[in-house]
Amino acid sequence: MVKLYAVFSIKHPIYHWMFIATLLLIWIAGASLLLETNQFIYVWGMGLPVLPWFLLAKASSYKRRYL
Numbered sequence: 723m724v725k726l727y728a729v730f731s732i733k734h735p736i737y738h739w740m741f742i743a744t745l746l747l748i749w750i751a752g753a754s755l756l757l758e759t760n761q762f763i764y765v766w767g768m769g770l771p772v773l774p775w776f777l778l779a780k781a782s783s784y785k786r787r788y789l
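For the sequence shown, position 3 (counting from the first letter as 1) is numbered 725 according to our numbering, and the numbering increases by one without interruption.
Since the hints were made in silico from the structure, they are not lab data.
A couple of the hints might just be wrong.
Within a straight-line C-alpha distance of at most 30 Å, the following computed BS3-like cross-link-like pairs (lysine-lysine) qualify [said to hold, decoys possible]: (1) K785 <-> K725; (2) K780 <-> K725; (3) K733 <-> K785; (4) K733 <-> K780.
Listed next, with one range per pair, are the computed distances between beta-carbon atoms [said to hold, decoys possible]: (5) F762 <-> S782: 30 to 36 Å; (6) K725 <-> L773: 14 to 20 Å; (7) Q761 <-> H734: 17 to 23 Å; (8) L755 <-> K780: 24 to 30 Å; (9) K725 <-> S754: 34 to 40 Å; (10) V724 <-> Q761: 30 to 36 Å; (11) K725 <-> A751: 15 to 21 Å; (12) L755 <-> I732: 33 to 39 Å; (13) N760 <-> R787: 39 to 45 Å; (14) P735 <-> L770: 21 to 27 Å.
Predicted, not measured: the structure shown is a model, and the values here were computed from it.
Glycine is no exception: its CB is placed at the ideal position from the N, C-alpha and C atoms.
Based on the sequences and whatever the hints tell you, model everything.
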């Protein structure tokens, strides 16, 4: 999956940046809602985007090494 995403990010850089921007906006929205309302349900808005960041980091390392 890492290799496939690395190739995808090279072939479609606009979609790659849109994906990164969407993850960042979700994280910012979760953080602001958590700070504003103090309801811990919004921790999911901050924690959920962390999982794809690992995929992005591994794909970036793979892309620098092999592509």
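Hints and how they fare:
no., hint, verdict
1, K785 <-> K725, "holds (8 Å)"
2, K780 <-> K725, "holds (9 Å)"
3, K733 <-> K785, "holds (12 Å)"
4, K733 <-> K780, "holds (17 Å)"
5, F762 <-> S782: 30 to 36 Å, "holds (31 Å)"
6, K725 <-> L773: 14 to 20 Å, "holds (18 Å)"
7, Q761 <-> H734: 17 to 23 Å, "violated (37 Å)"
8, L755 <-> K780: 24 to 30 Å, "holds (29 Å)"
9, K725 <-> S754: 34 to 40 Å, "holds (35 Å)"
10, V724 <-> Q761: 30 to 36 Å, "holds (35 Å)"
11, K725 <-> A751: 15 to 21 Å, "violated (31 Å)"
12, L755 <-> I732: 33 to 39 Å, "holds (35 Å)"
13, N760 <-> R787: 39 to 45 Å, "holds (44 Å)"
14, P735 <-> L770: 21 to 27 Å, "holds (24 Å)"
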